[in-house]
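Using the sequences plus the hints, can you model the full thing?
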Amino acid sequence: AQTVTQSQPEMSVQEAETVTLSCTYDTSENNYYLFWYKQPPSRQMILVIRQEAYKQQNATENRFSVNFQKAAKSFSLKISDSQLGDTAMYFCAFTKAAGNKLTFGGGTRVLVKP
Amino acid sequence: NAGVTQTPKFRVLKTGQSMTLLCAQDMNHEYMYWYRQDPGMGLRLIHYSVGEGTTAKGEVPDGYNVSRLKKQNFLLGLESAAPSQTSVYFCASSYPAVALSYEQYFGPGTRLTVT
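Listed in order, the protein sequences are those of chains R and Y. In terms of the working numbering, the first sequence opens at residue 1 and continues consecutively. In terms of the working numbering, the second sequence opens at residue 1 and continues consecutively.
Honestly, I wouldn't trust all of these hints.
Mimicking BS3-like on lysine-lysine, the simulated pairs with C-alpha atoms at most 27 Å apart in a straight line are [what the hints assert, rightly or not]:
1) Lys70(R) / Lys113(R)
2) Lys14(Y) / Lys96(R)
3) Lys57(Y) / Lys71(Y)
4) Lys71(Y) / Lys14(Y)
5) Lys96(R) / Lys71(Y)
6) Lys70(Y) / Lys57(Y)
Label-pair ranges, simulated between beta-carbon atoms [unchecked claim]:
7) Thr5(Y) / Ala97(R): 26 to 34 Å
8) Asp38(Y) / Ser12(R): 17 to 25 Å
9) Ala16(R) / Gln17(Y): 49 to 57 Å
10) Asp81(R) / Ser67(Y): 27 to 35 Å
To spell it out: a stretch of chain R is covered by chain Y in this simulated footprint if at least three of its residues, at any positions, have a beta carbon under 8 Å from a beta carbon of chain Y; those stretches are [to be verified]:
11) 38-45
12) 88-97
13) 102-110
These are calculated hints, taken from the structure and not from any lab test. Where a beta carbon is used, it is the ideal one built from N, C-alpha and C, also for glycine.
Quick look at the structure:
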């Protein structure tokens, strides 16, 4: 079974600065997908960024980027130029290519301070 | 498109009561899922469906039943509610063939309290 671990329960960052969230996972699969989801106080789950395991290039979406280290089974999220609207819970998630069921980490609460 | 909708948004039940949560999606997605989220935790998969008429157990299926009679709807039932089922329930859907992205689209959640 796959497991996803987020070791930072909570992080705070000043507005306009950068914060990095860590995520490690355990799997015997070679082909899989990794995601970061954002959950603001509204509870809505919003996809932030995705990474295909077969791609060596790290994914980037505007101010969000990942550092994917396949051998180390690590998938960190960097938020650059943090904005107040980035305040939320962030969840790392994993799915096998064929299974399509998501396994979530426990989440990291990010607080952006003005 | 409304995306994924859930009914109701909030519900309070007494122990032993039953209820059904309805999830609907208008994106013609094949796959649908039910997750629960407990305080301070990530989402855990309860049941899922890979197509109309099919369902399968997820990580935490005990105490729940599901049905997928129509492609666009996925129902989650609690036959005899227990306080341990107090949680926020999320429905999601996906269409694996689209760009092979495996992205799941989530509903807004249902907050259920069992007293």
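Hint check results:
1. Lys70(R) / Lys113(R): violated, 33 Å
2. Lys14(Y) / Lys96(R): With a Cα-Cα distance of about 38 Å, the restraint between Lys14(Y) and Lys96(R) is violated, given a limit of 27 Å.
3. Lys57(Y) / Lys71(Y): holds, 18 Å
4. Lys71(Y) / Lys14(Y): violated, 31 Å
5. Lys96(R) / Lys71(Y): Given that 27 Å is the threshold and the Cα spacing comes to 23 Å, the pair holds.
6. Lys70(Y) / Lys57(Y): holds, 18 Å
7. Thr5(Y) / Ala97(R): 26 to 34 Å: holds, 28 Å
8. Asp38(Y) / Ser12(R): 17 to 25 Å: holds, 24 Å
9. Ala16(R) / Gln17(Y): 49 to 57 Å: Once the Cβ atoms are compared, 50 Å apart, the range 49 to 57 Å for Gln17(Y) and Ala16(R) holds.
10. Asp81(R) / Ser67(Y): 27 to 35 Å: This hint is violated: roughly 46 Å between Cβ atoms.
11. 38-45: With 4 residues closer than 8 Å to chain Y, the segment 38-45 of chain R meets the three-residue bar; holds.
12. 88-97: holds (count 4)
13. 102-110: holds (count 6)
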